[in-house]
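Given chain E's structure and the hints, the job is docking chain B onto it.
Residue strings, one per chain:
Number of protein chains: 2
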Amino acid sequence: MLKETLEQGRIVTDEALDRLLPAADQYPSSIHRAMRHSVFAGGKRLRPILCMEAALMVEGCVPVGVEELGAALEMLHTYSLIHDDLPALDNDDLRRGLPTCHKAFGEATAILAGDALQTRAFEVLAEPETHANPEARCELVAGLALASGARGMAGGQMIDMLAEGRTLNGDEITRLQALKTGRLIQFSAEAGAILGRAPPAQRHILAAYGRDLGAAFQIADDLLDAEGSTEETGKTAGKDAAAGKATLVAVLGVERARAQAAVLAAQAAGHLDGFDEKAGHLRQLAGYVISRRS
Amino acid sequence: MLKETLEQGRIVTDEALDRLLPAADQYPSSIHRAMRHSVFAGGKRLRPILCMEAALMVEGCVPVGVEELGAALEMLHTYSLIHDDLPALDNDDLRRGLPTCHKAFGEATAILAGDALQTRAFEVLAEPETHANPEARCELVAGLALASGARGMAGGQMIDMLAEGRTLNGDEITRLQALKTGRLIQFSAEAGAILGRAPPAQRHILAAYGRDLGAAFQIADDLLDAEGSTEETGKTAGKDAAAGKATLVAVLGVERARAQAAVLAAQAAGHLDGFDEKAGHLRQLAGYVISRRS
Numbered sequence: 001m002l003k004e005t006l007e008q009g010r011i012v013t014d015e016a017l018d019r020l021l022p023a024a025d026q027y028p029s030s031i032h033r034a035m036r037h038s039v040f041a042g043g044k045r046l047r048p049i050l051c052m053e054a055a056l057m058v059e060g061c062v063p064v065g066v067e068e069l070g071a072a073l074e075m076l077h078t079y080s081l082i083h084d085d086l087p088a089l090d091n092d093d094l095r096r097g098l099p100t101c102h103k104a105f106g107e108a109t110a111i112l113a114g115d116a117l118q119t120r121a122f123e124v125l126a127e128p129e130t131h132a133n134p135e136a137r138c139e140l141v142a143g144l145a146l147a148s149g150a151r152g153m154a155g156g157q158m159i160d161m162l163a164e165g166r167t168l169n170g171d172e173i174t175r176l177q178a179l180k181t182g183r184l185i186q187f188s189a190e191a192g193a194i195l196g197r198a199p200p201a202q203r204h205i206l207a208a209y210g211r212d213l214g215a216a217f218q219i220a221d222d223l224l225d226a227e228g229s230t231e232e233t234g235k236t237a238g239k240d241a242a243a244g245k246a247t248l249v250a251v252l253g254v255e256r257a258r259a260q261a262a263v264l265a266a267q268a269a270g271h272l273d274g275f276d277e278k279a280g281h282l283r284q285l286a287g288y289v290i291s292r293r294s
Numbered sequence: 001m002l003k004e005t006l007e008q009g010r011i012v013t014d015e016a017l018d019r020l021l022p023a024a025d026q027y028p029s030s031i032h033r034a035m036r037h038s039v040f041a042g043g044k045r046l047r048p049i050l051c052m053e054a055a056l057m058v059e060g061c062v063p064v065g066v067e068e069l070g071a072a073l074e075m076l077h078t079y080s081l082i083h084d085d086l087p088a089l090d091n092d093d094l095r096r097g098l099p100t101c102h103k104a105f106g107e108a109t110a111i112l113a114g115d116a117l118q119t120r121a122f123e124v125l126a127e128p129e130t131h132a133n134p135e136a137r138c139e140l141v142a143g144l145a146l147a148s149g150a151r152g153m154a155g156g157q158m159i160d161m162l163a164e165g166r167t168l169n170g171d172e173i174t175r176l177q178a179l180k181t182g183r184l185i186q187f188s189a190e191a192g193a194i195l196g197r198a199p200p201a202q203r204h205i206l207a208a209y210g211r212d213l214g215a216a217f218q219i220a221d222d223l224l225d226a227e228g229s230t231e232e233t234g235k236t237a238g239k240d241a242a243a244g245k246a247t248l249v250a251v252l253g254v255e256r257a258r259a260q261a262a263v264l265a266a267q268a269a270g271h272l273d274g275f276d277e278k279a280g281h282l283r284q285l286a287g288y289v290i291s292r293r294s
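Residue numbers (our numbering), protein chains in the order written: chain E, 1 to 294; chain B, 1 to 294.
Worth flagging that the hints you see were computed from the coordinates, not collected in a lab. Be aware that one or more of the hints could be misleading.
You can't tell identical chains apart in this list, so a pair holds if it fits in one copy or across any two.
As the list claims (entries may be wrong) - Listed below are the simulated DSBU-like cross-link pairs for lysine-lysine, each with C-alpha atoms no more than 35 Å apart in a straight line: (1) K44 - K239; (2) K3 - K278; (3) K245 - K3; (4) K44 - K103.
So here's chain E without its partners, still in its complex pose:
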């Protein structure tokens, strides 16, 4: 059942992305091809699925605009991956089993494609198709910006860069990851509540759920890097350790890191205790993020 939800969410997100991104043959085609290369490299679409399920939980049905919102979240996420993979940052050659954007298109094009994906994400959120109420659209734009800017994701990427070669303790790593990947995952759940015009209490519950889910997700990601093969994860395996990256796996060891991910996932699901079966998929997602193999 969760499997179907994930598959269905992936399909509708991919359709929305195809509809909302400029055509690959539009002039100048290299930037559009580069944007599409990275966007359609086969992501799980976790963030769109989170916002869909959150909206479903608060509204009881899938609201209009959820596909646009999901596509915008995925564009923002993809921009961050493209820039993070650049030689000046993580210098990664593989992403989701394909050459990273700068490997396939060159650095200049990768920088511009990432830039344009960020821009398009905000454009989509501001368009009437995403929500009939412009107040909701403004909340989505401001919320995504807060989650992804200097006080959120970009700040986390900065801390990650500064930390290379230094030794961070567990608390510092948790803080770094909360910014770098946590905030956007948290906002993805919260955005579903904004789209559904949920009362503040529900929005806060979904934000708390997203925060714990994001933390669990990141530990699981680091475990995959430490244990998975390049083939399974589509990323260069063992890259974190080789680069001296600060991860909880490095600090706690595999077993304690796995236990901590399980605690966080249970905590995420626990925030939804006051909801009925409409929260079923979100509860299952908490289990999924720590058990996935890629």
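For chain B alone, kept in the frame of chain E given last:
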């Protein structure tokens, strides 16, 4: 009189930027210091002044939020300069007489600082302080995104990169520059109309004014590069010719390029014929952009 307007516009924009950007000592400070380094490197604040004067023309007084709007335009513009200066793109060491962002802070920080400036620009536009009406805020977000994304400024930067070493004709150069610098200048004038909730006819007139002004501005910029000294312009002089950059000055020669800039500036002012003295500053600005020495 125009001189005072320019000076006053610069001061209020700088104040708004200082208020709206994260403090330099906020953690992680390197990204915030890099953002501020480039934002406060002494720009003319042409885009904020354009939106202020356009809003003044349609409203008759300076509307609330014009400083926020101007600051957002300048953040977006500065992000584009930071990324354009990167080694993978124009590889420039000097900007406004100071080391470019990557020269001062390193490439990784420059990429992230540019990213975060773009994000913050959209965040500011979506906040209630910019306009009480969320519909207006959404129009500003969507308009800025259209002007600066793959179908606007970022697309123009892409074409510029692709053109290096190739010979473009005059029409191709005009098209490139209309995207790379023209769209954002055009939108700056248009944004003043959006802020003032001007009727569509006035918005179109201001867009036409901004389009021609932007084209004149770019030719003047290329003339400064060809003729000015590094000291005057604060940029590496003669860089365009050395890089084989496509400019109208290279294709038409200095005299004909200068004449074309004058025609465009007159055309820009001509769009405002139906307006009274409230359009005085915008008319003078058209003369200013082609006569400035830096």
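A quick look at each hint next to the structure:
In the homo-oligomer, the alpha carbons of K44 and K239 lie at most 35 Å apart inside one protomer (21 Å), although the nearest pairing across protomers, at 45 Å, exceeds that limit. In this assembly of identical chains, K3 and K278 lie within 35 Å of each other by CA distance solely inside one copy; the values are 16 Å within and 63 Å between copies. In this assembly of identical chains, K245 and K3 lie within 35 Å of each other by CA distance solely inside one copy; the values are 32 Å within and 53 Å between copies. Taking the shortest alpha-carbon separations for K44 and K103, only the intra-copy value of 22 Å comes in at or below 35 Å, while the best inter-copy value is 37 Å.
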